[in-house]
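**Q** The residues making up each chain are set out below.
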Amino acid sequence: MTRTILVVDDNPDVINSLKIGLEDATQGYRILGAENGQKCLKLLQDNIIPDIILLDIMMPQMSGWEVFDKIKNNPSWNKIPIIFLTARTDRTAKNAGGFLGDDYIEKPFEIVDLKNRIEIVFNKKSIIKTR
Amino acid sequence: MNSKPNLEGRRRVDITSFFWYVLSIFILGMSVWLFHLFFKERDLRKLMFSFGLLPSAFTFVYLGVTFPPPIQAEPTMFFSLFKWGTIPIIESIFFILGDRIFYGKRDFKVPFAMFLFFYLFSFFLLLSNTIPEIIFYSSIQFGTIVILVLSIVLIIKEKMFSAWLFFLSVCCFTIAGISLSFYMWQDENITNTLLTMFSFFLAYTFLALIFKLPASIKQNDGIGAYFSLEEKIKKIEAELYDSERKYRQVVESLKEGILVFDNKSCTTYVNSYAAQMLEYTTNEMTGKSFFEFLDDSGKNFVQEKLEYIFDNVENEYKIEFLRKNKTKILTTMHMSTLFDNDGKKIGILVVLQDISYRKQMEAALEEKLKKLQQSELATLNIMEDLQNSIGALTLAEKEIREKNETLQKINIELSSAREELTILNENLEKKVKERTADVEKILKQKDEFVSQLGHDLKTPLTPLNVLLPIIKEREQDPKQKELLGTVYDNVLYMKNLVMKTLTLAQLNSPNTALSLQEIDLSVHIYNILDMERPLFQGKNVIFENNIPSDTVVQIDLIQIRELFDNLISNAIKYSQDAEVKISFEAKQMNDCYVVLVKDNGIGIEANQIQHVFDEFYKADYSRHDLQSTGLGLSICKRIVEKHGGRMWVESEGKGKGTTFFFTLKSHKRLSGEKNINANTNEVSINTVL
Numbered sequence: 001m002t003r004t005i006l007v008v009d010d011n012p013d014v015i016n017s018l019k020i021g022l023e024d025a026t027q028g029y030r031i032l033g034a035e036n037g038q039k040c041l042k043l044l045q046d047n048i049i050p051d052i053i054l055l056d057i058m059m060p061q062m063s064g065w066e067v068f069d070k071i072k073n074n075p076s077w078n079k080i081p082i083i084f085l086t087a088r089t090d091r092t093a094k095n096a097g098g099f100l101g102d103d104y105i106e107k108p109f110e111i112v113d114l115k116n117r118i119e120i121v122f123n124k125k126s127i128i129k130t131r
Numbered sequence: 132m133n134s135k136p137n138l139e140g141r142r143r144v145d146i147t148s149f150f151w152y153v154l155s156i157f158i159l160g161m162s163v164w165l166f167h168l169f170f171k172e173r174d175l176r177k178l179m180f181s182f183g184l185l186p187s188a189f190t191f192v193y194l195g196v197t198f199p200p201p202i203q204a205e206p207t208m209f210f211s212l213f214k215w216g217t218i219p220i221i222e223s224i225f226f227i228l229g230d231r232i233f234y235g236k237r238d239f240k241v242p243f244a245m246f247l248f249f250y251l252f253s254f255f256l257l258l259s260n261t262i263p264e265i266i267f268y269s270s271i272q273f274g275t276i277v278i279l280v281l282s283i284v285l286i287i288k289e290k291m292f293s294a295w296l297f298f299l300s301v302c303c304f305t306i307a308g309i310s311l312s313f314y315m316w317q318d319e320n321i322t323n324t325l326l327t328m329f330s331f332f333l334a335y336t337f338l339a340l341i342f343k344l345p346a347s348i349k350q351n352d353g354i355g356a357y358f359s360l361e362e363k364i365k366k367i368e369a370e371l372y373d374s375e376r377k378y379r380q381v382v383e384s385l386k387e388g389i390l391v392f393d394n395k396s397c398t399t400y401v402n403s404y405a406a407q408m409l410e411y412t413t414n415e416m417t418g419k420s421f422f423e424f425l426d427d428s429g430k431n432f433v434q435e436k437l438e439y440i441f442d443n444v445e446n447e448y449k450i451e452f453l454r455k456n457k458t459k460i461l462t463t464m465h466m467s468t469l470f471d472n473d474g475k476k477i478g479i480l481v482v483l484q485d486i487s488y489r490k491q492m493e494a495a496l497e498e499k500l501k502k503l504q505q506s507e508l509a510t511l512n513i514m515e516d517l518q519n520s521i522g523a524l525t526l527a528e529k530e531i532r533e534k535n536e537t538l539q540k541i542n543i544e545l546s547s548a549r550e551e552l553t554i555l556n557e558n559l560e561k562k563v564k565e566r567t568a569d570v571e572k573i574l575k576q577k578d579e580f581v582s583q584l585g586h587d588l589k590t591p592l593t594p595l596n597v598l599l600p601i602i603k604e605r606e607q608d609p610k611q612k613e614l615l616g617t618v619y620d621n622v623l624y625m626k627n628l629v630m631k632t633l634t635l636a637q638l639n640s641p642n643t644a645l646s647l648q649e650i651d652l653s654v655h656i657y658n659i660l661d662m663e664r665p666l667f668q669g670k671n672v673i674f675e676n677n678i679p680s681d682t683v684v685q686i687d688l689i690q691i692r693e694l695f696d697n698l699i700s701n702a703i704k705y706s707q708d709a710e711v712k713i714s715f716e717a718k719q720m721n722d723c724y725v726v727l728v729k730d731n732g733i734g735i736e737a738n739q740i741q742h743v744f745d746e747f748y749k750a751d752y753s754r755h756d757l758q759s760t761g762l763g764l765s766i767c768k769r770i771v772e773k774h775g776g777r778m779w780v781e782s783e784g785k786g787k788g789t790t791f792f793f794t795l796k797s798h799k800r801l802s803g804e805k806n807i808n809a810n811t812n813e814v815s816i817n818t819v820l
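As you go down the protein sequences, you meet chains A and B in turn.
Going by the working numbering, the residue at position 54 of the first sequence is 54; the numbering climbs one at a time, nothing skipped.
Going by the working numbering, the residue at position 353 of the second sequence is 484; the numbering climbs one at a time, nothing skipped.
Worth flagging that the hints you see were computed from the coordinates, not collected in a lab.
A couple of the hints might just be wrong.
Said to hold, decoys possible - Which stretches of chain A does chain B cover? Using the computed rule of at least three CB atoms under 8 Å from a CB of chain B, they are:
hint	region
1	9-23
2	45-53
Unchecked claim - Using 30 Å as the maximum straight-line C-alpha spacing, the simulated DSSO-like pairs for lysine-lysine come out as follows:
hint	chain 1	residue 1	chain 2	residue 2
3	A	115	B	610
4	A	19	B	366
5	B	610	A	19
6	A	115	B	240
7	B	603	A	115
8	B	499	A	19
9	A	115	B	612
10	B	670	A	19
11	B	449	B	529
12	A	115	B	712
13	A	72	A	39
Even glycine gets a Cβ: it sits at the ideal position worked out from N, Cα and C.
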């Protein structure tokens, strides 16, 4: 089963590296990229609905928060899980990322770590087995 | 209507008009005169009459213009003023009579205020034309009757000439009014007109007379006297009598003899003390010549002096008087001339003081003085001796003074030095403050710089971090692969360094506040492990949770996760066996929990144990290990300290594992404290009750 992942980040290198990294690590991921919030919303409006969105917070023009707000307020999009990608370490970003979104991951991250988080979101189940 | 009577009428009207105008001017003059009197005497009664008379002028001007007055009321303002003119004069007389009969005080403010009110009230009523004719005329008649009655009452009560004048004036007004009203119903004729005008003239003359009665009638002086002076005189007489009595008492009680004799040296007044001094009675002395109380030399002396004291100069002499039994008494005599109001000399006032006793005292004093002089001589000798010793003392004193001066100088120097010190101190404080501010500013800038740098480094690290392992994976050449591995390790190290530096910078910043939550650590530990799963996934790690349930602590979730992240990664990093065992424990101690994180790793040597929390400290053997930034434990310690706790580490030595301890504030302690507070409150309430 092919899963579509939309990466929204103003740095195209990040999008490209994720494309390569995620597609390489797991079979069955299709990576889409959007360089800003408008492009992301445009894709959604064109009815390209991804299975998960990786959303950068600090972007010029339209911040990640705004994009998040727009997506979550649209009834046909608000089921899409969102993981925040952030370079910010401050509490607001962490809190909002963790509690508003489905998860957040701090840049720079290990591709494995990101993949795990994505899988967790997809599976939506507790992973604690080890005691 | 033929033209002839009309013509005659016209001519007569001209003469009549002239008389009305004259009357009007007469009244105007009277009003102005009364106003002038008011300014001179400040008697409100005069002001009232001045106001009261003024509108009558309108009446007569109107009568001069349209005589005879129309039978039907004209709806013009001029007519209203004509009608109004009669009211104030009746009001004035009513208030003055009423005040005189019923009130009788010197203060006329209340009646005047009432007068002003009715004055204006009637003015507006008539101008607004709301009173029917019948009410107007009958109220004027009623008012006239009332003031007639009042003036009769006044005549009976006071039996004064001015009361008669009031009565006559009111009568004349009544006659004038009745004769004027005849025109309303009958033809005009010359007798009637003359009667009206003459009555008015008489009425106002009588009124004027009240205010300025000729002095020959001597019913005091005009209305001022009539209505206020009389009272004043009675009061003044009483006051005079009172004060006279007071003065008499004072004079009688004086311990000085007082004697008055007139121009013919006949004694007219003697006070009791004077009589007592000369051993007469007051009655015996009055009427006798003043010189009878003196001997011959005294007589000559006084006669001589009398020539000089006729001007108002006061003089005092020592003189001997003769008592009734012809013995002498020494006195000081004080004479002054008495004058009447016109400045005519009417006599001499003599004040006597008995100084015979004083004389005796003086003699005694002299005796004592003599004795004193004798003793003074003796004293002088002693003084001489004393002076010698004083000379010696003066020398010593001089020395002391000099020493004192030196001391003072030193003191001044000291105080100036102290001032300088204060100034220096102030400057120092200022400088310290400035420096502190600078340092704080620089520290803040440092924090800002570190966090900015961190953020800027993080984004470009992301693609490196993602892509390098992939490239390394795809590389076939094992040599290249190894090189790529080195690059990737360094990138990872850089990433860790950046992240930990940022975290530490944030923990050091005073602006970072904790958002504390109460949570059961025994349960929350699973959440933490859930989140930290990427750390140990694929590794053989066994966790052991020995934290007792209901270990409720106050923690910041994000920072506690960071703490555990560091401790767990540390335990994994420094493991020696294939199987990593990490156990968590918690013990309650007083007001907090001590949490233990125990591993079975390589342990820490005793000489390193004190350094493990230092920033950038790495144990020797791992100094080149790219996985360690040397910041992890510093971060842990800062986090615990931010929570108000303590962190320390124990290890039994190399290869024996490590145990990290940290304290977290317990939730139960807080509730316990609250309970204690509640109890103390109750206790204090009970004591109050």
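**Q** Each hint: holds or not?
**A** Hint-by-hint comparison with the structure:
Note: the region 9-23 of chain A has 8 residues with beta-carbon separation from chain B under 8 Å; the three-residue rule is met and the coverage holds. Restraint check on the region 45-53 of chain A versus chain B: 0 residues with Cβ-Cβ distances below 8 Å, three needed, restraint violated. Restraint check for residue 115/A and residue 610/B: the C-alpha separation of about 28 Å stays at or below 30 Å, so the hint holds. Of the supplied pair hints, the one linking residue 19/A and residue 366/B is violated, its CA atoms being roughly 123 Å apart against a limit of 30 Å.
Pair hint residue 610/B plus residue 19/A holds up; C-alpha atoms about 27 Å apart against a cutoff of 30 Å. A threshold of 30 Å between alpha carbons decides the hint, and for residue 115/A with residue 240/B the separation of about 106 Å lies outside it, so the pair is violated. Between residue 603/B and residue 115/A the CA atoms are separated by roughly 18 Å; this keeps the pair inside 30 Å, and the hint holds. For the hint linking residue 499/B to residue 19/A, the alpha-carbon distance of about 135 Å lies beyond 30 Å, and the restraint is violated.
Restraint check: the Cα-Cα separation between residue 115/A and residue 612/B comes to about 23 Å, which is no more than 30 Å; the hinted pair holds. Straight-line distance between C-alpha atoms of residue 670/B and residue 19/A comes to about 27 Å, which keeps the hinted pair within the 30 Å bound. Pair hint residue 449/B plus residue 529/B does not hold up; C-alpha atoms about 56 Å apart against a cutoff of 30 Å. A distance of roughly 26 Å separates the Cα atoms of residue 115/A and residue 712/B; the hinted pair therefore holds under the 30 Å criterion.
For the hint pairing residue 72/A with residue 39/A, the CA-to-CA distance comes to about 16 Å; that is within 30 Å, so the pair holds.
Figure legend: structure checked against the earlier numbered hints; hints not met, in rising order: 2, 4, 6, 8, 11.
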